[in-house]
Amino acid sequence: MPGSDSAVMERKPWVAEATKDARLEIKDLNVYFGEGPDRFQAVKNVSVKVQQGGSFGIVGESGSGKSTVLRAVCGLVESWDGEIDIDGAPVSHKRDKVFARKIQMVFQDPYASLHPRHTVDRVLSEPLKLHGFDDIDGRVLRALDDVGLGADFRFRYPHQLSGGQRQRVAVARALMLEPEILLLDEPTSALDVSVQAEILNLFADLRKEHNLTYVMVTHDLAVVAHMCDEIAVMQHGEVVEVMDVEAMRSSTPETAYTQELLKASMGYDAEFFGDS
Amino acid sequence: MTTAPVKSNVPDRAGLKAWLSSDAPKSRGHARAVQFYMGWMKLYENKLAFLGFLIILSLVLMAIFAPLLATTEPNAQDLAKRLTAPGVDGHLLGTDELGRDIWSRLVYGSRITLLIVGIVAFTAPVFGLLIGTVAGYLGGWVDQALMRLVDIFLAFPKLILALAFVAALGAGIESAIIAISLTAWPPYARIARAETLTIRNADYISAVRLQGAGVMHIIIGHVWPLCLSSIIVRVTLDMAGIILTAAGLGFLGLGAQPPEPEWGAMISAGRKFILDHWWVAAMPGMAIFIVSLGFNLLGDGLRDILDPKKSQS
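One line per chain: the protein sequences are A and B, in this order.
For the record, in the first sequence the residue sitting at position 123 is 123 according to my numbering, with numbers rising by one throughout.
Quick note, my numbering runs 1000 ahead of the 1-based positions in the second sequence.
Treat the hints as calculated values from the structure; they're not laboratory data.
Keep in mind that the hints are not guaranteed to be accurate.
Stated by the list, open to error - The calculated EDC-like cross-link candidates involving lysine to aspartate or glutamate, where the alpha carbons are at most 20 Å apart (straight line), are:
| hint | chain 1 | residue 1 | chain 2 | residue 2 |
| --- | --- | --- | --- | --- |
| 1 | A | K44 | A | E25 |
| 2 | B | K1047 | B | D1300 |
| 3 | A | K49 | A | E241 |
| 4 | B | K1026 | A | D137 |
| 5 | A | K208 | A | D146 |
| 6 | A | K94 | B | D1203 |
| 7 | A | K49 | A | D81 |
| 8 | B | K1081 | B | D1276 |
| 9 | A | K97 | B | D1203 |
| 10 | A | K208 | A | E180 |
| 11 | A | K94 | A | E78 |
| 12 | A | K49 | A | E83 |
| 13 | B | K1026 | A | D145 |
| 14 | A | K49 | A | D85 |
| 15 | A | K49 | A | E180 |
| 16 | A | K102 | A | E83 |
| 17 | B | K1017 | A | D152 |
| 18 | A | K44 | A | D28 |
| 19 | B | K1026 | A | D135 |
| 20 | B | K1026 | A | D152 |
| 21 | B | K1042 | B | D1023 |
| 22 | A | K208 | A | E198 |
| 23 | A | K97 | A | D85 |
| 24 | B | K1026 | A | D146 |
Here the structure is a predicted model, which is why all the values come from computation and not from measurement.
Chain B with its partners taken away, still in its complex shape (with noise of 0.2 Å):
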């Protein structure tokens, strides 16, 4: 009865926005749309977390539409172009060493930035949250040896463990991204299995458990909801981080080969040049700056909007 999909005449614009705040929806999907509405206009009226999202946003759109948004491929060379000034001959933001145009780098390295940030942000916090919470949830000698496991992880240096991991899977920007998410997940376990301590012996966990589910659906449809938002806010706070390792280990040799137009290897190559012609580290600095504080602004919002006591009331 209830399924049956809500109703559709939404005449005007008045008409939709009541629909979508009502405060007693007919349906799942009409309860969704109005948490969905009521989200967005929460990250809307957050100045400062809206600016990140549209830092993120045309991040993305700069991915996508690189062919267009390319003034010159970006690894044709021109040597007798070699370290141009910004804004000289048509070279928006200067020339490198080989005289390739860093506009049209940067453009294209935003996918491989892209890349690298969306595989580890969704593969360490994911795995440092299952085995967090796991180990809390059961606590004993299941807890004692995940959380063991996670000492080991953090008693390595990081990016010593990513050179070790990049090493035994051969250099290249998807062993880098392997490496990173290898090392970067162990705090999250550390966080959730907080969390999961805190909440583990809740009511509402024991009225689930009398109903009979099992560990992994409590774990995930009762604990990770309330751990994820404390997980989100790390990812966005690491997400700098996790840029400049992968870029470490380009600069290494171990990450991003030439001529792959990565940012951090582009700030390792213009490391030479850093005295005398400066746009060539500055600038793939600069959209690295921009981009881990659109992460930044943008996580410290999602953390609002995900908790529905503060988006709703």
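Looking at chain A on its own, in the form it has when it is part of the complex (with noise of 0.2 Å):
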């Protein structure tokens, strides 16, 4: 298992890179669901900056728009306002095949996440037919060595894998067509404590390897001290405050909302990792 060397929990905050140019940047995003009356407004004017190779989390309680901020980024939710610029350049509604090749996305739940009649090797050999890539077969297994599976997963059903298995294929299809920017959607929540380690650890190291730029959402801190070096906290769809993550674990945060958050999710973990 890739990065099975480094400790589970060990906090290694990469410190974003010289290069201060913003790859990422959201400016006063909107995004509304459904239409007339029943018109609802899940993120409101949230502005944030993700630098070049940075690693920026995105936190918040249960509907508190963050998934949806990245679905928007993505172009998965199309009802949005505002500015997504990457590398300076604004992207429109509609997206390209060349918009594809920037940013992908790892889903929360790795048992909705893979197509059940797909095997393994169509999985990720199709983004690379859709692309025109050459030598697909050196890249699927390239690919699945670079996630810690072996070639032997390469004709399994996703009904075949273990959570922790079917995620590393999610991961390995999102880097495919080699994006620049990683979108990760909760990518560890839907799996056990154990299997989260690992599949946390081989996010840092293909971090280190591919030069990748992440923008994760989760509403576990632990995660996000683990991973990321500059936070955002979201509450009823607005960031409530930006930090790094210094910051977050010195528990000197600005704003009530923000101390309550930090608060809670200590008293949890105090609880569950106490006795143990």
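These two chains come separately, so use the hints to put the complex back together.
Right under this line is the structure:
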């Protein structure tokens, strides 16, 4: 398993590289669902900046709109306004194949994100065929190796894999097009604790190897502390605070909500890990 | 590297069996062979489905080798021997009102039955699947327009609509096939749309959208495989109805034309003698019954085989 040599929850703040260009910038993003009187605004005036090579965490309780931000960024939700810039260039509502090679996403539930009738081989080779890559066999095998699965897994169906193995396949799929930005939508919350650590270490290793920029949504503050160098806290569709990971660790947030969130999370962790 | 032909030095049966049931295939071809073998074993283990498969297989063989199996020409009349009982004078299943050997007519009629079933089974479900999945996946006004079209087709009685098509196209077995196909697709569209609605927002569909795949690529490559099993079950259940609709058209003089040995038309002809000479109508009736049963049994087994979750667990 890659990364298993590094301690499970060892904290490694990867300081953003010297080039401080914003790889991804979101300005005044509003996302709406529904129409007419039922119209609901899920995201309100969200503005964040993600540095080149950085790892940006978005935390918040369920329903705070954090996943919706990711879905708007990658184009799965089209009812948004505001501005989303990648490398300084605004993206349109309709996305094309060029965009697909810049941003990919890893979904929350590995039991729902792999097609039940497609083998791992098909899942991984499909994006390559869509984009006309060559050496498909070699790339598929390398990708399986990258995420710590051997060639034996290549022709398995998802139901023949465990949750952690499925998520590794989903990560490999997201990396097939060699994207620069990876959106992670609670990528470990559907997995059990030991597998969570493996997957998080995998993300850390891949980030170093492929020079990726991460935007990660989660409600698990321990995961954020492990993975991210900058954090936005969301509540009711708005960003209430953006801080760096040091501020979070030293529990010196500015807003009351963030303090509450941190306290709640620590209480939970203490209770959970205290007697083990 | 892995596209190189898989190792072909399979020495004996045991080696072949191990190769075919490997859980870590080495290439796409190997994976397909394993999948095919697993499906075959599943079919073989399911005795009823296998019986259905044998029935359909014998229908196909019967159609291919009709000239060898038939004892006389299907349309050879012998008025002296009209309405001979089964087993008399070498007529295995008896003769009809013109002295034609019913067994020979059934054997040749299997060709017509297979033609009807084959063409309808490959056109109507595919068209219905296309309409239903496109409507379900795209939603909005496309969905509205296509589904109202389906409603209109469903509102007509099937046979009446088929009659109208045959009247427009001219009588004959080909027109009957086209007419049946045109009236049989709407239920498939309904099923396919319902299935599509449950999967269109799944994460695996989102993932392939993020890869920049086009709408038709997603529908055919990702939505269709999940709709297929319910469609196949429905198709096999409809087979009996399709054969009978063709027979009904033949009965009304709009399907198979005399003296073609179409099974439904043979039943219609035997209706006149049903009280005194039961075999004239009963023999083709039995043939339709056996073939329909075969399709139903096979269809049920196919649903299990097409689901890799069941076939390889």
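Status of the hints after comparison with the structure:
no. : hint                 : verdict
1   : A:K44 with A:E25     : 16 Å, holds
2   : B:K1047 with B:D1300 : 11 Å, holds
3   : A:K49 with A:E241    : 13 Å, holds
4   : B:K1026 with A:D137  : 11 Å, holds
5   : A:K208 with A:D146   : 12 Å, holds
6   : A:K94 with B:D1203   : 19 Å, holds
7   : A:K49 with A:D81     : 17 Å, holds
8   : B:K1081 with B:D1276 : 16 Å, holds
9   : A:K97 with B:D1203   : 19 Å, holds
10  : A:K208 with A:E180   : 12 Å, holds
11  : A:K94 with A:E78     : 8 Å, holds
12  : A:K49 with A:E83     : 12 Å, holds
13  : B:K1026 with A:D145  : 15 Å, holds
14  : A:K49 with A:D85     : 9 Å, holds
15  : A:K49 with A:E180    : 15 Å, holds
16  : A:K102 with A:E83    : 17 Å, holds
17  : B:K1017 with A:D152  : 19 Å, holds
18  : A:K44 with A:D28     : 7 Å, holds
19  : B:K1026 with A:D135  : 17 Å, holds
20  : B:K1026 with A:D152  : 8 Å, holds
21  : B:K1042 with B:D1023 : 16 Å, holds
22  : A:K208 with A:E198   : 16 Å, holds
23  : A:K97 with A:D85     : 17 Å, holds
24  : B:K1026 with A:D146  : 19 Å, holds
Hint check: no violations occur; every hint is consistent with the structure.
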